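Colleague: Listed below, chain by chain, are the residues.
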Amino acid sequence: GENVEQHPSTLSVQEGDSAVIKCTYSDSASNYFPWYKQELGKRPQLIIDIRSNVGEKKDQRIAVTLNKTAKHFSLHITETQPEDSAVYFCAAIRLQAQLWSRSNSGGYQKVTFGIGTKLQVIP
Amino acid sequence: GAGVSQSPSNKVTEKGKDVELRCDPISGHTALYWYRQSLGQGLEFLIYFQGNSAPDKSGLPSDRFSAERTGGSVSTLTIQRTQQEDSAVYLCASSPPGLAGGVEQYFGPGTRLTVT
Chain A
1 GENVEQHPST
11 LSVQEGDSAV
21 IKCTYSDSAS
31 NYFPWYKQEL
41 GKRPQLIIDI
51 RSNVGEKKDQ
61 RIAVTLNKTA
71 KHFSLHITET
81 QPEDSAVYFC
91 AAIRLQAQLW
101 SRSNSGGYQK
111 VTFGIGTKLQ
121 VIP
Chain B
124 GAGVSQSPSN
134 KVTEKGKDVE
144 LRCDPISGHT
154 ALYWYRQSLG
164 QGLEFLIYFQ
174 GNSAPDKSGL
184 PSDRFSAERT
194 GGSVSTLTIQ
204 RTQQEDSAVY
214 LCASSPPGLA
224 GGVEQYFGPG
234 TRLTVT
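Those protein sequences? They're chains A and B, same order as listed. Counting along the first sequence from 1, when you hit position 18 you're at 18 in the numbering used here, and nothing is skipped either side. With positions in the second sequence counted from 1, the corresponding number in the numbering used here is that position plus 123.
Don't take every hint at face value.
As the list claims (entries may be wrong) - Taking lysine-lysine and the PhoX-like style, the derived pairs with C-alpha atoms no more than 25 Å apart in a straight line are: (1) LYS180(B) - LYS134(B); (2) LYS22(A) - LYS37(A); (3) LYS134(B) - LYS110(A); (4) LYS42(A) - LYS118(A); (5) LYS42(A) - LYS134(B); (6) LYS42(A) - LYS68(A).
As the list claims (entries may be wrong) - Which bits of chain A does chain B cover? Going by a derived footprint, with three or more residues having C-beta under 8 Å, they are: (7) 45–56; (8) 110–119.
What the hints assert, rightly or not - Pairwise CB distance ranges (calculated): (9) ARG61(A) - GLN207(B): 21 to 29 Å; (10) THR199(B) - LEU40(A): 39 to 47 Å; (11) SER176(B) - GLU5(A): 26 to 34 Å; (12) SER130(B) - PRO123(A): 22 to 30 Å; (13) PRO8(A) - GLU143(B): 18 to 26 Å; (14) ALA125(B) - LYS57(A): 40 to 48 Å.
I should point out that these hints are in silico values taken from the structure, not numbers from a laboratory. These numbers come from a predicted model, not from an experiment. Just so you know, even glycine gets a beta-carbon here, dropped at the ideal spot from N, CA and C.
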């Protein structure tokens, strides 16, 4: 089955510095890679995602890069702020359209999450 | 609008008892997922529903775990003969239909299960 490795498990940075979290995956059929942020005691929330036909995507201070050949993708947070402190999870997902479905009801998904990275931004 | 809801929020049960956890997805979301998150650990995929069907049950840890979904909406995760290692937060998530944009998973608040 799919295996997703996430590094580092913990990361401390000074406020204003950049943070980088890396994930590798094993299933070459994975084609969708989201990142979720989970603050203490709260539910995970999507912060950015990338599909396999794109190499890089950016949203303000957050960017994600994907290297399909090497099967790894990374989350980059620039100008970190204390409110960025949280656990970040990567995921590798294989989306397969169900060909028999005439309605756009969504396709089969194989989901594997990384173990998470606890990011601490020190003021 | 209303998000994903789960009940109960906390459940303490004795070892050997059965428990039932409930998930109410966002209205109109066709995909529904169950995950388990142990203390300080990542998200362990348990099962995924597309409508009422579960094409992937590979994540269920043992035959003590089962899940069903009816009417394409509410789902229940049942754990029979609970063991202490079942203690964790059980998270439910749902996704809207369509592959083009409907793959974001919206998580519920979770049910914290403690087996004593």
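Colleague: Now, for every hint given, state plainly whether the structure supports it.
Modeller: Checked hints:
no., hint, in the structure
1, LYS180(B) - LYS134(B), "24 Å, holds"
2, LYS22(A) - LYS37(A), "14 Å, holds"
3, LYS134(B) - LYS110(A), "29 Å, violated"
4, LYS42(A) - LYS118(A), "14 Å, holds"
5, LYS42(A) - LYS134(B), "17 Å, holds"
6, LYS42(A) - LYS68(A), "32 Å, violated"
7, 45–56, "holds (count 3)"
8, 110–119, "holds (count 7)"
9, ARG61(A) - GLN207(B): 21 to 29 Å, "42 Å, violated"
10, THR199(B) - LEU40(A): 39 to 47 Å, "28 Å, violated"
11, SER176(B) - GLU5(A): 26 to 34 Å, "31 Å, holds"
12, SER130(B) - PRO123(A): 22 to 30 Å, "38 Å, violated"
13, PRO8(A) - GLU143(B): 18 to 26 Å, "38 Å, violated"
14, ALA125(B) - LYS57(A): 40 to 48 Å, "29 Å, violated"
In this structure, the hints that do not hold are numbers 3, 6, 9, 10, 12, 13, 14, in rising order.
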